[in-house]
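Sequences listed follow chains A and B, in order.
Position 17 of the first sequence, counting from 1, maps to 16 under the numbering used here, and the rest follow consecutively.
To convert a position in the second sequence, counted from 1, into the numbering used here, add 2.
Everything labelled a hint here was simulated from the structure, so no lab data went into it.
Beta carbons are placed, not taken as given, at the ideal position from N, Cα and C, and that holds for glycine.
Just some of the chain A residues that point at chain B, by a computed CB distance under 7 Å: (1) 132; (2) 138; (3) 140; (4) 144; (5) 145; (6) 228; (7) 231; (8) 246; (9) 262; (10) 269; (11) 270; (12) 273; (13) 277.
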Amino acid sequence: MTTTPLVGDIEPIVPAAGGTARATWRSFRTEPLGLVALGVLLVLVLVAVLAPVLTRYPSGYGDHVLAPPTGAHPFGTDALGRDVLAEVVWGTQQSLLVAIASSLIAIVFGTLVAVVGAYFRRLDGIVGLVVDLVLSLPVLPLMILVAALVGPSTATIILVVAAFSWPEVTRLVRSQALTVVHLPYVDAARLMTSNPAWIIARHIVPAVKPVIVVSVVVTASRAVLSAAGLAFLGLGDPSTWSWGRILYEAQQSGAMSSAWWLTLFPSIAILALVLSATLLSIAYNDARNPRNRRR
Amino acid sequence: MRLGRGVLTIWFAVTVTFLLLRLLPGDPAQAVASPTMTAETRAALLAQYGLDKPLIVQYGIYLGQLLHGDLGLSFTQSIPVTTVLFERLPWTLLLTVTALVLTVVVGIPLGVLAASHRGRLLDKVVQVVGVTGQSIFVPSVGVLLLFAFGLMLRWLPIGGAYDVGVYGVAWYGSVAEHLVLPALSLMLVQLGSYVLTMRSTLIDALGEDYVTLARANGLPYRRILWRHALRNALLPTTTLIGLQLGFLVGGAVLTETVFAYPGIGRGIYEAVTQLDFPVLQGAFLFLALTVVVANMLTDIVYGFLDPRVKSA
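Can you make the complete structure from the sequences, with help from the hints?
In structure tokens form, the structure reads like this:
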């Protein structure tokens with residue numbers, strides 16, 4: 000489920016000198032959707048950090064089983080009488096952790112493969128082939144296979160999602176890196192040093208940075224969906240609350256279709272996180288592109 | 003060339019599966035033989051499944067068996083994995099193909115509509131719907147539809163693929179009825195990418211010189227839009243089908259789980275809960291095979307749309 004193409008096309012832009020970050024921010028500030036998305040993400044991060052303050056960790060049994068939302072339980076209770084609000088709040092922590100950790104691993108690895116491949120042309124053919132092959136496999140079934148074999152835990156989920164997300168990063172970064180390595184200033188750098196690592200770190204990585212920023216967001220939001228999918232199939236960490244686990248337990252207890260609050264609230268949480276990440280990447284892309292800047 | 007690539011992808015899928023199964027901690031040896039057995043029984047069992055041989059020999063045997071269409075026996079049902087999967091494959095194909103056709107039939111006109119109303123309210127609405135559609139979690143849509151149309155309105159059945167004890171024409175009717183909600187869920191999560199891709203490529207196409215020429219020649223706008231620009235803009239959308247196939251299959255696994263639909267995805271779910279590794283591995287191969295075949299079909303369609311590709 001990780002092959003949805005990007006919303007906006009990333010246009011190759013010749014890297015400009017310093018000061019672009021400020022211009023991007025100035026342009027970004029005028030995008031209401033982007034600001035709202037950023038706000039939602041910040042709220043979610045706050046909720047995750049403050050989870051222990053906001054609610055008690057949901058465990059054990061409650062008195063009111065499958066109670067619809069009321070003042071005491073704004074999101075209702077589940078089949079064991081636990082507070083759904085608390086489950087969603089604690090689930091935020093897990094979802095953000097998985098999203099950030101797995102996308103970081105995927106980004107670092109994917110970018111490394113892409114820039115090294117683009118710089119050493121002989122490796123690029125292999126990189127392109129491997130990426131194409133991995134991308135043509137159905138990713139969620141593959142993740143299911145691995146998660147089932149290794150056994151469910153948060154570390155497994157993070158590694159599994161990362162392991163199947165990097166090819167998408169490589170695909171995005173590679174196309175940008177390939178245009179950059181042919182630019183004259185890279186040739187000039189080759190004349191100055193024979194150390195490829197230095198050229199890659201100093202000239203190629205900064206040039207593909209915008210693509211990396213966008214892929215971080217895209218990979219992270221896909222990681223949320225993948226992790227939720229695994230948890231929904233019962234392959235999540237059984238000892239930690241996650242949004243997918245709430246849905247999984249709702250289905251296991253047979254209450255999924257009658258107790259609508261069990262599905263609705265975690266679903267809204269997933270949508271809020273993924274949608275705001277997507278909108279943020281679109282707004283960033285627009286803001287970065289001088290052609291789209293008003294004034 | 004196309005065939006060679008397909009074979010390469012399948013070989014890759016087979017090898018990845020083999021290596022994952024043998025090298026990851028939960029290897030088949032542990033699933034087949036339990037630690038409480040005596041050493042002899044364990045050794046005998048492992049030998050029976052060929053798990054005592056070196057990895058490379060196992061790999062050879064595994065490939066040989068696959069070439070004979072032998073995917074092994076299901077751990078839990080003691081029937082060949084192929085039998086289990088062939089019962090399920092038609093349902094998954096029915097579901098995914100229906101969803102894909104629906105997506106294309108709804109997505110392309112929506113994208114055209116947005117592109118031809120660029121910058122206006124309609125365009126913005128379509129864009130918002132598209133971006134939101136891309137961010138939805140498949141089970142969320144599934145359960146929502148199930149709740150609304152299955153439980154509240156009681157228009158449609160809430161699970162399964164057909165009614166038991168119905169024959170003839172009525173059986174096809176019940177199959178169609180059971181297909182509506184799963185196919186709709188799968189369509190909704192896919193639609194966004196198609197609409198947005200269609201929109202942006204069509205906007206690009208409308209800015210091309212041949213469109214300006216056609217307008218200068220006095221051709222009606224509708225004709226230019228639907229016949230000239232659309233044909234060119236369809237190419238990236240066709241590529242998108244290929245890119246989205248893996249995602250479609252992943253979505254099918256989740257959709258089938260929500261609706262208890264008896265396809266391969268539901269089979270995967272059951273195999274996971276029962277730790278039935280041969281079925282899991284076979285199901286993955288079937289899905290990889292489906293994706294590869296569908297990719298080749300997309301390539302052929304692409305050739306029809308763009309004759310330059312065919313001659314090259």
